[in-house]
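Line by line, the protein sequences give chains G and P.
Offset between the first sequence (1-based) and the working numbering: plus 12.
Offset between the second sequence (1-based) and the working numbering: plus 444.
Incorrect hints may have been included.
To be verified - Pairs of lysine to aspartate or glutamate residues, derived as EDC-like cross-links and limited to a Cα-Cα distance of at most 20 Å, are as follows:
no. : chain 1 : residue 1 : chain 2 : residue 2
1   : G       : K24       : P       : E497
2   : G       : K24       : P       : E599
3   : G       : K17       : P       : E564
4   : P       : K482      : P       : E564
5   : G       : K210      : P       : E452
6   : G       : K78       : G       : D149
7   : G       : K24       : P       : E575
8   : G       : K102      : G       : E56
9   : G       : K210      : P       : E574
10  : G       : K126      : G       : D149
11  : G       : K78       : P       : E568
12  : G       : K24       : P       : E489
13  : G       : K78       : P       : E564
14  : G       : K130      : G       : E109
15  : G       : K17       : P       : D537
16  : G       : K210      : P       : D449
17  : G       : K210      : P       : E599
18  : P       : K453      : G       : E200
19  : G       : K24       : P       : E568
20  : P       : K482      : P       : E577
21  : G       : K17       : P       : D563
22  : G       : K17       : P       : D581
23  : G       : K78       : G       : E41
24  : P       : K528      : P       : E489
25  : G       : K210      : P       : E564
26  : G       : K17       : P       : E577
27  : P       : K453      : G       : E41
28  : P       : K526      : P       : E564
29  : G       : K126      : G       : E208
30  : G       : K24       : P       : E577
31  : P       : K453      : G       : E170
32  : P       : K454      : G       : E208
33  : P       : K553      : G       : D149
34  : P       : K528      : P       : E575
35  : G       : K17       : P       : E497
36  : G       : K24       : P       : E452
37  : G       : K17       : P       : E574
38  : G       : K24       : P       : E574
Hints are computed from structural coordinates only; laboratory data are not their basis.
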Amino acid sequence: MGALKGSISFTKFHVRGELPEGFRDTFIERMRVRAFRPLSPLEEAPQGIGWCAIENLLDLEIDHGKVYFETYLNVGLRIDTWQIPASLFKAHFAEAEREHLAKKGREKLGRQEKEELKVVVTRKLRQQLMPVSKLIDLSWNLDTGAVRFWSQSARLHELLDEIFEDTFKLTLLPESPYTTAARLGLSELESNVFAELKPTAFHVAVF
Amino acid sequence: MNLADLIEKKRFVGREFLVWLWFESEILEGRLSTRGGKSCELFLESKITLVQEKEKSQLDGAIPASSSEAHEALRQGKMPTKAKLRVTRGEFDYSFMYAADTMSLSGVKIPAVVRDETDEQFYERMYLLEELETQFDALYAEFAALRISALWDAEIVPMMRAWVHGKDVDLAAYRRVRGRAAPLGGGKSTNEEPKAAKVEVETSAGEALVA
Numbered sequence: 013m014g015a016l017k018g019s020i021s022f023t024k025f026h027v028r029g030e031l032p033e034g035f036r037d038t039f040i041e042r043m044r045v046r047a048f049r050p051l052s053p054l055e056e057a058p059q060g061i062g063w064c065a066i067e068n069l070l071d072l073e074i075d076h077g078k079v080y081f082e083t084y085l086n087v088g089l090r091i092d093t094w095q096i097p098a099s100l101f102k103a104h105f106a107e108a109e110r111e112h113l114a115k116k117g118r119e120k121l122g123r124q125e126k127e128e129l130k131v132v133v134t135r136k137l138r139q140q141l142m143p144v145s146k147l148i149d150l151s152w153n154l155d156t157g158a159v160r161f162w163s164q165s166a167r168l169h170e171l172l173d174e175i176f177e178d179t180f181k182l183t184l185l186p187e188s189p190y191t192t193a194a195r196l197g198l199s200e201l202e203s204n205v206f207a208e209l210k211p212t213a214f215h216v217a218v219f
Numbered sequence: 445m446n447l448a449d450l451i452e453k454k455r456f457v458g459r460e461f462l463v464w465l466w467f468e469s470e471i472l473e474g475r476l477s478t479r480g481g482k483s484c485e486l487f488l489e490s491k492i493t494l495v496q497e498k499e500k501s502q503l504d505g506a507i508p509a510s511s512s513e514a515h516e517a518l519r520q521g522k523m524p525t526k527a528k529l530r531v532t533r534g535e536f537d538y539s540f541m542y543a544a545d546t547m548s549l550s551g552v553k554i555p556a557v558v559r560d561e562t563d564e565q566f567y568e569r570m571y572l573l574e575e576l577e578t579q580f581d582a583l584y585a586e587f588a589a590l591r592i593s594a595l596w597d598a599e600i601v602p603m604m605r606a607w608v609h610g611k612d613v614d615l616a617a618y619r620r621v622r623g624r625a626a627p628l629g630g631g632k633s634t635n636e637e638p639k640a641a642k643v644e645v646e647t648s649a650g651e652a653l654v655a
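Given only the sequences and the hints, what does the whole structure look like? Please build it.
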């Protein structure tokens, strides 16, 4: 499911700020800087996030042909996360702990040793596993400033906010009852009135 | 109030918009109109979720919004947070889940896409989606203009309360009131700060805005 085919489920944002001069080239350069880099089991980071071609999380080569669809900028946001099943980690940690204690001829690990052993076990397991990959399509209408992000997860919206601003130097405003009314033309006075609105009690039997 | 507060603290307006769509759909037999001739047919169908604090009613069925359970939930003070809507505009027929708090659409079924090439399919999908959004924006603009108008509390809410409680709504009177609301952006611009006390200002269409 995504921008090009399949089910259509998205959250809409609007870009705040003006597109810079020559933005088509600039955006490609910046997206390349923030393109997805595969996670290494030897690094501590539990998660990696970056841009890739739309609907192809293996294609990390960003170029004009893959990104620009006339007035739309289409790109994929790839998020890889190491997810070691807790039971698997627990079993491997217990085994490593036993071996370590037998080698040292002791009965209990110190706190520091436990932390170090957790890092060793995590690294070893990561070498045997693949990170879990998620791909979310993003489609930006450069004429209207509307950005459709194919996810409704608040956590992913936070990640998007961060990488979008870092990449494009522009901020995203989420669609909401207030922002939509403002976009549709609230005057300053109307905006003040909107700010003072209180919920309506429809259930009260007074008519 | 800063922007983040306006976004978070006014999410209830999205639920009220959904109640208003429901109300209009029922009393106008699904035929909704907006300024500039952007008319459509709109029905609530198959799913609706209503909540009040931690209490939640999730109703499924052919047309659950027309059921006595849905109206009873409204009478109990529950407000709709999600509903499946069907919108028909000309030859275009859409259905989708609408989430009121975030105004987001999911599971959107657009009219059949006929092109095969990926690029062409994308443009057609976006065109059809943007047509739906334009229609939905026009409906929201109508609602927002009413919601910030003095007509809301004085005339619209009593009619909606009557509908909630199963009483007849004077359709001609409702249409007259709706026609009197100034369009969004019709209010005079002012540099006044928002006031906690009542503020009344005449708009260009002669209606009062009240805060």
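How the hints compare with the structure:
1. K24(G) with E497(P): Cα-Cα ~26 Å, so violated.
2. K24(G) with E599(P): violated, 33 Å
3. K17(G) with E564(P): holds, 11 Å
4. K482(P) with E564(P): Roughly 26 Å separates the two Cα atoms, so the pair is violated.
5. K210(G) with E452(P): holds, 13 Å
6. K78(G) with D149(G): holds, 13 Å
7. K24(G) with E575(P): Satisfied, since the Cα-Cα distance of roughly 15 Å is no more than 20 Å.
8. K102(G) with E56(G): holds, 19 Å
9. K210(G) with E574(P): This hinted pair is violated, its Cα atoms lying about 31 Å apart.
10. K126(G) with D149(G): violated, 41 Å
11. K78(G) with E568(P): holds, 18 Å
12. K24(G) with E489(P): violated, 23 Å
13. K78(G) with E564(P): holds, 14 Å
14. K130(G) with E109(G): holds, 9 Å
15. K17(G) with D537(P): Holds. K17(G) to D537(P) sits at ~18 Å (cutoff 20 Å).
16. K210(G) with D449(P): Holds: K210(G) and D449(P) sit about 14 Å apart, inside 20 Å.
17. K210(G) with E599(P): The hint holds at about 16 Å.
18. K453(P) with E200(G): The given pair, whose Cα atoms are some 18 Å apart, holds under the 20 Å limit.
19. K24(G) with E568(P): holds, 18 Å
20. K482(P) with E577(P): holds, 12 Å
21. K17(G) with D563(P): Distance of about 10 Å is within 20 Å: holds.
22. K17(G) with D581(P): Between K17(G) and D581(P) the Cα gap is close to 24 Å, so the pair fails against 20 Å, i.e. violated.
23. K78(G) with E41(G): Roughly 13 Å separates the two Cα atoms, so the pair holds.
24. K528(P) with E489(P): holds, 5 Å
25. K210(G) with E564(P): violated, 45 Å
26. K17(G) with E577(P): Measuring from Cα to Cα gives roughly 18 Å; hence the hint holds.
27. K453(P) with E41(G): It is violated: about 38 Å lies between the C-alpha atoms, which goes past 20 Å.
28. K526(P) with E564(P): violated, 32 Å
29. K126(G) with E208(G): Violated. K126(G) to E208(G) sits at ~55 Å, over the 20 Å cutoff.
30. K24(G) with E577(P): Within the cut-off at roughly 11 Å; holds.
31. K453(P) with E170(G): holds, 19 Å
32. K454(P) with E208(G): Within the cut-off at roughly 9 Å; holds.
33. K553(P) with D149(G): holds, 18 Å
34. K528(P) with E575(P): holds, 18 Å
35. K17(G) with E497(P): Outside the cut-off at roughly 37 Å; violated.
36. K24(G) with E452(P): Holds. K24(G) to E452(P) sits at ~16 Å (cutoff 20 Å).
37. K17(G) with E574(P): holds, 16 Å
38. K24(G) with E574(P): holds, 12 Å
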